[in-house]
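**Q** Input sequences plus hints: build the corresponding full structure.
Chains as they are written, first to last, in our numbering: chain A, 180 to 290; chain L, -13 to 101.
I should point out that these hints are in silico values taken from the structure, not numbers from a laboratory.
Keep in mind that this is a model prediction, so the values were computed, not measured.
Ideal placement from N, C-alpha and C gives every residue a C-beta, glycine not left out.
Careful, some of the hints might be misleading.
A few chain A residues facing chain L, derived, Cβ under 7 angstroms [what the hints assert, rightly or not]:
#, residue
1, R180
2, E222
3, P223
4, L225
5, W280
6, L282
Distance condition first, Cα-Cα at most 20 angstroms in a straight line; then the derived EDC-like pairs of lysine to aspartate or glutamate [unchecked claim]:
#, chain 1, residue 1, chain 2, residue 2
7, A, K277, A, E182
8, A, K221, L, E30
9, L, K10, L, E(-3)
10, A, K181, L, E30
11, A, K258, A, D218
12, A, K221, L, D43
13, L, K54, L, E0
14, A, K224, L, D16
15, A, K221, L, E89
16, A, K277, L, D42
17, L, K10, L, E89
18, A, K224, L, E89
19, A, K258, A, E194
20, A, K277, L, E89
21, A, K277, L, E30
22, A, K224, L, E30
23, A, K258, A, E235
24, L, K64, L, D43
25, A, K277, L, D16
26, L, K54, L, D42
27, A, K277, L, D43
28, A, K224, A, E235
29, A, K258, A, D236
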Amino acid sequence: RKEVEQDPGPFNVPEGATVAFNCTYSNSASQSFFWYRQDCRKEPKLLMSVYSSGNEDGRFTAQLNRASQYISLLIRDSKLSDSATYLCVVFNAGNNRKLIWGLGTSLAVNP
Amino acid sequence: DAGVIQSPRHEVTEMGQEVTLRCKPISGHDYLFWYRQTMMRGLELLIYFNNNVPIDDSGMPEDRFSAKMPNASFSTLKIQPSEPRDSAVYFCASSPRTGVSYEQYFGPGTRLTVT
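**A** What follows is the structure, given as structure tokens:
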């Protein structure tokens, strides 16, 4: 089983739709969680960190469920520019201080 | 401030040739990471450095791969001899620290094709 698992998609949604991605992680000792965004043929960039209490940044909301070991990303009022791959990332300070990356979920927002 | 700089952006080489990828991290960042990305395996950490010292190279596939960081502003990843299965995008990333608030800044990547 992979340490971080994501539904690869693709998710095809119309503009203005709300879409949610989930990500599960296997190591219960994981401490920090992030969502990165990667545009086609570009480098990954940090979208947002995920805090225990949940956090929101504009149209984006991230949630953490430690009991079930998953994190989620909700995108409201999706835009064409949201089309990208969203990477779930988990950090465990005990794992020699490395980030563990999911394979990503592909999102296509259609006009 | 310039971001992470990588060169070359594209590299096409024949099997058996030596390949050297270069990276200049963001000034002042203490950590430097080398990743490989393929469709099948996603983003894999190959090695990372802290203050120019290799900390974890467990992701380096085999002895054909080597990485160096002779100073705070330069690192290389070398593949010798290269094989077709090494074809991938290689990213270099740097970070000011490792901790709860953790952001890695990636370079544009080197797209390597080994024929």
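**Q** Of the hints given before, which are not true for this structure?
**A** Hint check: 1, 12, 13 fail, others pass.
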